[in-house]
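Q: Read off the chains here:
Number of protein chains: 2
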Amino acid sequence: MKKYVYRFGGGAAEGGAEMKMLLGGKGANLAEMANLGIPVPPGFTISTDVCAHYYTHGGYPKSLTKEVKAAVRSVEEITGRKFGKAGNPLLLSVRSGAPVSMPGMMDTVLNLGLNDETVVGLTAVSGNERFAWDSYRRFVQMYGDVVLGMKPEDKHEEDPFEVIIHKVKKARKIVLDTELELDDLKLLVKEFKAAIKKRTGHDFPTDPEEQLWGAINAVFGSWMNDRAISYRKLNDIDENLGTAVNVQAMVFGNSGDNSATGVAFTRDAATGEKRFYGEYLINAQGEDVVAGTRTPNPIAKLEKEMPKVYAQLTKIYKKLEKHYRDMQDIEFTVEDGRLWMLQTRSGKRTGFAAIKIAVDMVEEKLIKKEEAIKRVPPSALEQVLRPVFDTKDHDQARKEGRYLCRGLNAGPGAASGIIAFHAEDAVALKKEGKNVILVRIETSPEDIAGMAAAEGILTARGGMTSHAAVVARQMGKTCVAGCGELEIDYKTAQMTVAGKVLKAGDFISLNGTTGGVFMGEIKTIPSEITRVLVDRKLKPEKSEIFQAYDKLMGWADEIRQLKVRTNADQPNQAREAIAFGAQGIGLCRTEHMFFGENKINHMRAMILSEDEAERRKHLKKLLPIQRRDFEGIFKAMNGYPVTVRTLDPPLHEFVPHEKEEIEAVAAEMGVKPADIVKKVEELHEMNPMLGHRGCRLGISFPEITEMQARAIFEAAVNVAKKGTPVHPEIMIPLVGHVRELQLQERIVRRVADEVIGKSGLDIPYLVGTMIEIPRAALTADYVAQVAEFFSFGTNDLTQTTLGLSRDDAGKILAEYLDLDIYPTDPFATIDRGGVGRLMKIAVEDGRKARPGIKLGICGEHGGDPNSIQFCHELGLDYVSCSPYRVPIARLVAAQSTLEDRKAKK
Amino acid sequence: MKKYVYRFGGGAAEGGAEMKMLLGGKGANLAEMANLGIPVPPGFTISTDVCAHYYTHGGYPKSLTKEVKAAVRSVEEITGRKFGKAGNPLLLSVRSGAPVSMPGMMDTVLNLGLNDETVVGLTAVSGNERFAWDSYRRFVQMYGDVVLGMKPEDKHEEDPFEVIIHKVKKARKIVLDTELELDDLKLLVKEFKAAIKKRTGHDFPTDPEEQLWGAINAVFGSWMNDRAISYRKLNDIDENLGTAVNVQAMVFGNSGDNSATGVAFTRDAATGEKRFYGEYLINAQGEDVVAGTRTPNPIAKLEKEMPKVYAQLTKIYKKLEKHYRDMQDIEFTVEDGRLWMLQTRSGKRTGFAAIKIAVDMVEEKLIKKEEAIKRVPPSALEQVLRPVFDTKDHDQARKEGRYLCRGLNAGPGAASGIIAFHAEDAVALKKEGKNVILVRIETSPEDIAGMAAAEGILTARGGMTSHAAVVARQMGKTCVAGCGELEIDYKTAQMTVAGKVLKAGDFISLNGTTGGVFMGEIKTIPSEITRVLVDRKLKPEKSEIFQAYDKLMGWADEIRQLKVRTNADQPNQAREAIAFGAQGIGLCRTEHMFFGENKINHMRAMILSEDEAERRKHLKKLLPIQRRDFEGIFKAMNGYPVTVRTLDPPLHEFVPHEKEEIEAVAAEMGVKPADIVKKVEELHEMNPMLGHRGCRLGISFPEITEMQARAIFEAAVNVAKKGTPVHPEIMIPLVGHVRELQLQERIVRRVADEVIGKSGLDIPYLVGTMIEIPRAALTADYVAQVAEFFSFGTNDLTQTTLGLSRDDAGKILAEYLDLDIYPTDPFATIDRGGVGRLMKIAVEDGRKARPGIKLGICGEHGGDPNSIQFCHELGLDYVSCSPYRVPIARLVAAQSTLEDRKAKK
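If you read the protein sequences in the order shown, they are chains A and B. Counting from 1, one number per residue, gives the positions in the first sequence under our numbering. Counting from 1001, one number per residue, gives the positions in the second sequence under our numbering.
To be clear, the hints were calculated from the coordinates, so they are not data collected in a lab. Quantities reported herein were computed from a predicted structural model and do not represent experimental measurements. There could be a bad hint or two in this list.
Stated by the list, open to error - The calculated lysine to any residue pairs, modelled on SDA-like cross-linking and capped at a C-alpha distance of 25 Å, are: (1) A/Lys679 - B/Asp1807; (2) B/Lys1599 - B/Arg1589; (3) A/Lys679 - B/Glu1815; (4) B/Lys1062 - B/Glu1076; (5) A/Lys678 - B/His1657; (6) B/Lys1678 - A/Lys233; (7) B/Lys1430 - A/Glu685; (8) A/Lys679 - B/Ala1814; (9) B/Lys1599 - B/Gln1583; (10) A/Lys678 - B/Ala1814; (11) B/Lys1431 - A/Glu685; (12) A/Lys811 - B/Glu1815; (13) B/Lys1811 - A/Ser444; (14) A/Lys811 - B/Glu1014; (15) A/Lys617 - B/Lys1233; (16) B/Lys1811 - A/Met686; (17) B/Lys1233 - A/Lys840; (18) B/Lys1679 - A/Ser444; (19) B/Lys1811 - A/Glu610; (20) A/Lys491 - B/Leu1683; (21) B/Lys1678 - A/Ser444; (22) A/Lys678 - B/Glu1303; (23) B/Lys1679 - A/Tyr490; (24) B/Lys1840 - A/Tyr782; (25) A/Lys848 - B/Arg1832; (26) A/Lys840 - B/Glu1844; (27) A/Lys811 - B/Lys1678; (28) B/Lys1348 - B/Asn1235; (29) B/Lys1840 - A/Arg832; (30) A/Lys659 - B/Glu1681; (31) B/Lys1678 - A/Lys840; (32) A/Lys811 - B/Glu1682; (33) A/Lys233 - B/Tyr1782; (34) B/Lys1679 - A/Arg832; (35) B/Lys1840 - A/Ile841; (36) B/Lys1430 - A/Met686; (37) A/Lys233 - B/Arg1739; (38) B/Lys1621 - B/Gln1583; (39) A/Lys848 - B/Glu1844; (40) A/Lys491 - B/Asp1675.
When you get a sec, could you build the whole thing from the sequences and use the hints?
A: If you want it as structure tokens, here you go:
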């Protein structure tokens, strides 16, 4: 017969930590602790199989009643107490426990087994009648709420039990629950029962057996309550997992001054420091620690108050950490001088702590490097790389009372700027050189441009997986989300919080690492790691987090196969990326070099030229400018490969639209402004994304490609002559047919042969292509006959594969994510089914045609963990991402390799 | 040892018709005739292998000299003449002959073997000194030109020999070549030789052996002349085929009044009528028939003039037609009463003749039905389906001298309209309801919209494979191309031809079947087939071409596997298509139904609505309009399946832009015009092709899909109630993710169940999707789980797969076709490498997921022969095209099946 109930306690257990799927996290860990000889209140776990049975058959397996009865008997034996007997009664807790933690989402019943007889027994045993009746009062209240449905009847009503308590307190003229006296408690029990009878038509159950089954039903039933369902949806938890039910003997931290209850972490969850860290309260229950009505003591004080217990606790926490090989979050209760462990689990921690603990544990030989790599989520790394508040300025703000409120710490780092309530405003202000904080009730894909322009994002609604939170993390933006206290009024362009009114344009500051929001400006400074690596203003040995980061990255680099490059258009970006570990430039956008006062008019004149001769005249002026830019980049990259993309965007993006701009260009070209206007109109396209851009420009105007190739190779020669090795990789964009690549490749090679030949140097270079329109992927076997490398331009590839322009996708994406059409934003995370399949075709066919072909990705997906993992699976040679995401890519690349190894085992 | 020379003549030959690749078309047919016992002047063919050897080794195989010498000897034996001997000299012709006909592209030398001695022999044998010297004069001139390079030295110069002739004629005060007397001819020979000596520094070769090798060299050399190279490129002929060289004894049709030369067709090449048809000249050479200086006699007259020869010729032509089982184009010469056949080949013919001859030959049991199907090119069918001039009006125009000139008959049919010199003008005039003829120097893809708007296209430059010709045929437009006499001046917007000036806006008429161009308007009437099938104004038995067409189509329908549907949005189109053999509607665009005065304002109001309630109000007004349209179509289709596509284009295509339109909509909606303007601006998109359109509209506004589904099913019920079966197939456009389809499918099925359920009828219907963006094809295995059919929307699929917007592709395509990046316009013929591969993936994966899935195509490629063939190869169930292309699709579908059978053999 199938076993449904697993007992634990008395130094042994039928289950264990590895049985999480069957017993849930809590049940498995309780069993594990019991097996380790750690004192846990005895009890049993009803498995998740019963939950499945409950929902598929609408009831329990036949054998369950008998199994539960026997398990209760077993608890009675271990404790020496009797369930439902007046003399020395056994009280039980009934708690949920799913395989995946869903904190607070499901129901719990404590003190189960109390009735008018057993309360007398509890009094006798504890010698504390008030305690016994307070327990009884709490039980009736909790059972009434959870099992009997005594909830407010509509949202305007108060909790029915709190109404009664309030009435009694008012009559007795007291304020705190602790001021309630024995008679008050007895009265409350009576009135609670009467209220239950009135509402439900039934007496409160006095039979402990009946109470127990009522509680078990309620816990299984809570798997499908609204909160649990939406939590699972948000966190992508499988509904079929089900919950287990843990029934356990009650122990009481509130049974006198020789009792206590506490929570602790085996290491510091904020910094990762190796110190036992927690708090406790004498004569209290767990909820008292959380409620904050009494101030708990730091755990160190327990050593003085209960030296024996503290010694035992120390032994236990060390045992647990060593056993689980991870920092533990533990709960304990001392009942009458006896220590009971109620829970242990891996503790939640900040990014700083995650890195520090993982690295420390390797050095302590608790775990291996590989395990350390696996344990650090990419978000942890992101957190430690983000800017922070300048401490002095921050303290000053606190002192001045500029703290406003706290939301979810959705995007780590610190940011300060002026408030913009609309994405367009954020973009406009950013253009004026201002730092902006985008403040929205919630964000949608329409706000993407504004989010990109903002230093930080603040929202009133939405959780850790809301649009704002997910996109902010992906973009590396500071974000405080779901700050419910904000009242935002778009119409008046102001918001109210903590009694203060802030308007658009006012300064505000966000601490995305803690969730804190402050009025006014607070200076930010780069992260410690940035200060060590990039600014070199902090000595490595002075920064613990840098040292941990550095070790971790070193291990990641040992493990990973995927190389990491950066997208950089300027020498300073290139230097920054190298400090973060970039192994080359995967995308240098030449067109970005054209912006800026001095360059843009030459560029415009070139575009608007009537014929090749005129175009060449203006190109000649652009040549030295481009050459200088490339020299800077080649120097900075010091021998690492640099992929330079030839001119890509539609020409009309460059042309002047403002009157003054038009006049300036007309003067430069010696023509009438009206001629410029006409030419600009001619360049207009219906669908510029699918228009005259990419290699199509170089094919129409081969002299542009020629000039760019010349600038690249002349720069390469100049830099190489001074002894710095140079490895240019020339990338032709928007190729759809191998002939396009071929025509452009010939120009590049002709110029290269000429320039390099004349120099007498040996400068190895590659010519390759972006794979960014479907046809290139579908004909990769042909394209690879010319291309020495492919670089996936997944931004454009996503647009064409999905038939969706990013510029116009705002509203559509918002709707599509809402309706679950797309599981994630396909512009943030690679759409594996469509775009991914094309990539796979291109990789396979490209390698068949040219076995050694170099493969990389330079779309923005190159910095997204899920997409990096996919690139690893595809077997690409490298990913390329923005400089600050390079460390994240290094880590994820290593994690991907470890995933592989696991899969191969 | 390899054999290079194949002899023929004297009633036998070493080669035969099946050796075309080795002997070229002419050589193989000469051998074949010889084998059939038909008199051909004896000779020999130097094989194409020698050509290959010539170009790979730069010279001839060693054994060739010996083989040629022996073959000349053999000709001497058969003719009893001696090559290079003064007494009864053998003269030779040396001609090219490639495996694929390249008329006029390569060189020929006639009368070879003449010199100062043999000319005396020729005089003696022919008894005609003038003839002998004229032959000699022609030989020196031809040899000088072809072998010795006596061409004009630059393009301003005249032919050097013509200069001499002109001088002599002027001195003698005569005009025609025939007026030259013996002494003049002798003088010319002398002067020609002197000119050759002067220019080349060498004497004219007198040794016949040397002459022969010179001519052979020249013919092989001409394989690579510029004309031949560009002809092969235009006609996609493999350069490696090479040419053969035919050396043959000369026979003279100009050796006296008992001699003659002629050309003939075994059937009428214009109408296909079974009658011997041709012309001849007494005492003339072939070039005299072509030159038109003398008017040839109709072939029937030969019966009287040379009854014996005529009897023999009749026997021969019948034998040849029966032998080759096709209408033959023959050339013959009578020398001194003796008949020689110089050439036979399948005759070129009009579309009318192609159909009639193919059908007649089946009835004569000369060929099988399958062969008849294979022999009719799609263009033939197109020709017989196009409109023609009203005969009376046409005669009147001729009488009034309105004939202007003749160009190439590039797109059959007749068209009349006003001249537009620019594509945009053509589009604008068409919108005003005018018939337009687009007149261009030449067209480029930029002109596509104008070509589509025009009734006919006239160009001054370009051949039968020029852009104008190819696209016009693809579009089914009347086209006269390469009309060199036109002088078009875009600046003054006028053209000059035949001394007349025509301006933009003037009427002009084109006969695309003959190439004739006329001033003024000439009424056009539909083709005979249309008059029989659609207008029912002509009785079938009165139209021979209809009867042939009808039989041919019947056979095609027996053979083909691919079904043919039509794209039709209106009942009259549907009826027309059915008359042409459509088996259903493959694409009914519901949005086309919205245009028109009464409907557009409801539509606009719906689009500009603020909320769902308002939208529903306007949709309610649209419902009865749509329902009525569908009723009309369902009735017309009489049980054939009708694929209805839900709303597809970006909404902003519908919105008003003109002031009056805006005011009308504002009035309809009861809002201010300014509100409308604002809303219109909001709907603007950067890349509408990749924006809010297709199913995205139905997902944002499910009520639109709901209304359309209701209109479809209510119409279906109404029509079915009256006893007409209805098979609606609802097609959701622009699906990229199966979830999109699923959401729309649910709406359609809900409405269908409700409407059909209430009716109590059984109306089978399908729900499926367009495959028009790459992601749909790449995830076809998922999409097919919901879709009951796929219809490839290859217009859009081409845009996204190639990353090229059709609206913006004009200039790019022109350049890309020029540079050979695209072999053909990918919007006209499916790009098999890219788009085709996606289609293949979708077909395979779709069938795996849903084995019985119905597959079709509804893009414009559905009417393109090459693309239809590809659809057959993919195993689609049907193609859908515009009504007038339905017969073409039926024919090509049958041809594709026959191709398959051939491949399987």
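Q: A separate judgement is required for each hint: does it hold in the structure or not?
A: Against the structure, the hints:
1. A/Lys679 - B/Asp1807: Holds, at roughly 18 Å.
2. B/Lys1599 - B/Arg1589: It holds: about 15 Å lies between the C-alpha atoms, which stays within 25 Å.
3. A/Lys679 - B/Glu1815: 20 Å, holds
4. B/Lys1062 - B/Glu1076: 23 Å, holds
5. A/Lys678 - B/His1657: 22 Å, holds
6. B/Lys1678 - A/Lys233: Outside the cut-off at roughly 39 Å; violated.
7. B/Lys1430 - A/Glu685: 23 Å, holds
8. A/Lys679 - B/Ala1814: With a Cα-Cα distance of about 20 Å, the restraint between A/Lys679 and B/Ala1814 holds, given a limit of 25 Å.
9. B/Lys1599 - B/Gln1583: 30 Å, violated
10. A/Lys678 - B/Ala1814: Holds: A/Lys678 and B/Ala1814 sit about 22 Å apart, inside 25 Å.
11. B/Lys1431 - A/Glu685: Given that 25 Å is the threshold and the Cα spacing comes to 22 Å, the pair holds.
12. A/Lys811 - B/Glu1815: 37 Å, violated
13. B/Lys1811 - A/Ser444: 38 Å, violated
14. A/Lys811 - B/Glu1014: 77 Å, violated
15. A/Lys617 - B/Lys1233: 36 Å, violated
16. B/Lys1811 - A/Met686: 13 Å, holds
17. B/Lys1233 - A/Lys840: Roughly 36 Å between the alpha carbons, so the hint for B/Lys1233 and A/Lys840 is violated.
18. B/Lys1679 - A/Ser444: 21 Å, holds
19. B/Lys1811 - A/Glu610: 15 Å, holds
20. A/Lys491 - B/Leu1683: 22 Å, holds
21. B/Lys1678 - A/Ser444: The hint holds at about 22 Å.
22. A/Lys678 - B/Glu1303: Status violated; Cα separation ~72 Å.
23. B/Lys1679 - A/Tyr490: 20 Å, holds
24. B/Lys1840 - A/Tyr782: Holds: B/Lys1840 and A/Tyr782 sit about 18 Å apart, inside 25 Å.
25. A/Lys848 - B/Arg1832: 20 Å, holds
26. A/Lys840 - B/Glu1844: 17 Å, holds
27. A/Lys811 - B/Lys1678: 17 Å, holds
28. B/Lys1348 - B/Asn1235: Holds: B/Lys1348 and B/Asn1235 sit about 16 Å apart, inside 25 Å.
29. B/Lys1840 - A/Arg832: The hint holds at about 20 Å.
30. A/Lys659 - B/Glu1681: 22 Å, holds
31. B/Lys1678 - A/Lys840: 45 Å, violated
32. A/Lys811 - B/Glu1682: Holds: A/Lys811 and B/Glu1682 sit about 12 Å apart, inside 25 Å.
33. A/Lys233 - B/Tyr1782: Answer holds: A/Lys233 to B/Tyr1782 is near 22 Å, not above 25 Å.
34. B/Lys1679 - A/Arg832: The hint is violated at about 36 Å.
35. B/Lys1840 - A/Ile841: 14 Å, holds
36. B/Lys1430 - A/Met686: Holds, at about 22 Å.
37. A/Lys233 - B/Arg1739: 18 Å, holds
38. B/Lys1621 - B/Gln1583: Roughly 32 Å separates the two Cα atoms, so the pair is violated.
39. A/Lys848 - B/Glu1844: 22 Å, holds
40. A/Lys491 - B/Asp1675: 19 Å, holds
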